[in-house]
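S.K.: In order, the protein sequence lines correspond to chains A and B. Residue 144 in my numbering sits at position 144 of the first sequence, with consecutive numbering throughout. Residue 68 in my numbering sits at position 68 of the second sequence, with consecutive numbering throughout.
Hints may contain errors.
To be verified - One side of the interface only, derived from the structure: several residues of chain A facing chain B at Cβ under 8 Å: (1) Ser78; (2) Leu81; (3) Phe88; (4) Phe94; (5) Phe105; (6) Gln109; (7) Gly110.
Calculated from the structure, these hints are not laboratory results. Cβ atoms here follow ideal geometry from the backbone N, Cα and C, with glycine treated the same way.
One-letter residues, chain by chain:
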Amino acid sequence: MNDYKIELSGVSKSFGDKHVLQGLTLNIPTGSSVVVIGGSGTGKSVMLKSILGIVKPDAGSIRIDRQDVTKLSGKDRSKVLSKIGMLFQGAALFDSLPVWQNVSFGLIQGQGVKRKEAREVAIEMLAKVGLGKDVASLSPAELSGGMQKRVGLARAIATHPEIIFFDEPTTGLDPIMADVINDLIVERVQELGATTLSITHDMASARKIADYIAMIYHGKIVWAGAASDIDNSGNEVVDQFIHGRADGPIEIDIKR
Amino acid sequence: MNILQPIGRTALVVCALAGRLANFAASALINTVQPPFYWRAVLQQLLRMGYYSLPVVGLTALFTGGVLALQIYIGSSRFNAENFVANIVALGITRELGPVLAGLMVAGRVSASIAAEIGTMRVTEQIDALTTLSTNPVKYLIVPRVVAAIICLPLLVAVADIIGILGGFLVATQSLDFNPSVYIRSTIDFIEVGDVTSGLIKAAVFGFIIALMGCFNGYYSEGGAQGVGRATTNAVVSASIFILASNYFMTTIFFSE
Numbered sequence: 001m002n003d004y005k006i007e008l009s010g011v012s013k014s015f016g017d018k019h020v021l022q023g024l025t026l027n028i029p030t031g032s033s034v035v036v037i038g039g040s041g042t043g044k045s046v047m048l049k050s051i052l053g054i055v056k057p058d059a060g061s062i063r064i065d066r067q068d069v070t071k072l073s074g075k076d077r078s079k080v081l082s083k084i085g086m087l088f089q090g091a092a093l094f095d096s097l098p099v100w101q102n103v104s105f106g107l108i109q110g111q112g113v114k115r116k117e118a119r120e121v122a123i124e125m126l127a128k129v130g131l132g133k134d135v136a137s138l139s140p141a142e143l144s145g146g147m148q149k150r151v152g153l154a155r156a157i158a159t160h161p162e163i164i165f166f167d168e169p170t171t172g173l174d175p176i177m178a179d180v181i182n183d184l185i186v187e188r189v190q191e192l193g194a195t196t197l198s199i200t201h202d203m204a205s206a207r208k209i210a211d212y213i214a215m216i217y218h219g220k221i222v223w224a225g226a227a228s229d230i231d232n233s234g235n236e237v238v239d240q241f242i243h244g245r246a247d248g249p250i251e252i253d254i255k256r
Numbered sequence: 001m002n003i004l005q006p007i008g009r010t011a012l013v014v015c016a017l018a019g020r021l022a023n024f025a026a027s028a029l030i031n032t033v034q035p036p037f038y039w040r041a042v043l044q045q046l047l048r049m050g051y052y053s054l055p056v057v058g059l060t061a062l063f064t065g066g067v068l069a070l071q072i073y074i075g076s077s078r079f080n081a082e083n084f085v086a087n088i089v090a091l092g093i094t095r096e097l098g099p100v101l102a103g104l105m106v107a108g109r110v111s112a113s114i115a116a117e118i119g120t121m122r123v124t125e126q127i128d129a130l131t132t133l134s135t136n137p138v139k140y141l142i143v144p145r146v147v148a149a150i151i152c153l154p155l156l157v158a159v160a161d162i163i164g165i166l167g168g169f170l171v172a173t174q175s176l177d178f179n180p181s182v183y184i185r186s187t188i189d190f191i192e193v194g195d196v197t198s199g200l201i202k203a204a205v206f207g208f209i210i211a212l213m214g215c216f217n218g219y220y221s222e223g224g225a226q227g228v229g230r231a232t233t234n235a236v237v238s239a240s241i242f243i244l245a246s247n248y249f250m251t252t253i254f255f256s257e
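Using the sequences and the hints given, assemble the complete structure.
M.R.: Printed below as a string of structure tokens:
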């Protein structure tokens, strides 16, 4: 039996007449880091939200630890979600809470950890992403974009999840800060031994954090393989994307 | 056929919206009685909605009571019925103007604030983040606001009733030469428990409407800053209309003989 942590099979999702996912199939081996690359509007975020249950797929199955999560609700869904941590594209920190409460949110609300203990864990997690104790009491609005991403990463790993999702982890950051975030992701994921699924269109990030890369195009996976094989994929869509060429099978609709 | 198409489409949109609102309201009410309960969030909302709304509600009630006394005096003096000023001020404030004006003022202040806050959380993926952290957004965001508003509004209206009657008293005694003790005695003798409690029950319903419309419009906002702005406007407008409409129906139920 294949040892897959997450299995997506024939997942479809439409919004009105816009068919975002069209029978997407992707398997994520346990303990591996899979990066899904693809242009804007190709369905990457909808795929992640479908796995999380934020978006309900029209068809297909999504299995986590061989359990179909598309039909779960209430406590069963919460149980599955407790295995997952996520770093959002814009960090999605709660404005109304100080940094330490953001980091320890899952511990306080999800696991009932006492606030004093949770604060200590939060400071420990902040240290793991290179942030000092002084940041703990600040409001998210007082942080730079890179610091917000690091706090988001600390929040994602605070509950020691088995699975971590990264939604465009380096978008909006300068190349140096992007590399810092990539390094932190690799270090923390190795430490946790977690299975990760990232979506990005930053090839430098994909090459750094991925064991496997999959290319999504028109709501389907058009190529999947080891990260080391990406330059020899033999797929025109992948080649055009990784080299950032305007000419090729991927057509961008620009009105001149 | 072309004329019927937009009518049908609009009818479908309205039905879908009504269904979504009914579902949302039911979900909010069901989650109110199901654990976990976020008491800390309820207390925060009580402070934000109740305590910080006191100045605006108090000033509204004070001036409304004053102007009511003045207008009733002017109107009633045409047929020598000035003695009823205290009675009508008390009745008008406790039964209608206290709850309705407090409801409308709080709708403007609180509904807009809730819609803007939750709408911003929606467009910045904070609500999705709550879901990934095994926290039900309805329980964590909606229920505390609904509970706090249902508790706050009757308390605010009780204060508005007192200040509104005080406003009438001040105008009557300072400008219209009414005897203070006669005015107070007249108010106490005339007013009944039912006049006050009906206003407080209305206030609790208005509180539910204010929180529900703020939360609903914020929760389903989309389209960035413009969407949040639209949600805020819709929250205030819809809460105000529902307050006025429900007030009519509640008055019909409470006071139909």
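S.K.: Run through the hints listed earlier and report the numbers of any the structure violates, in increasing order.
M.R.: Every hint satisfied by this model.
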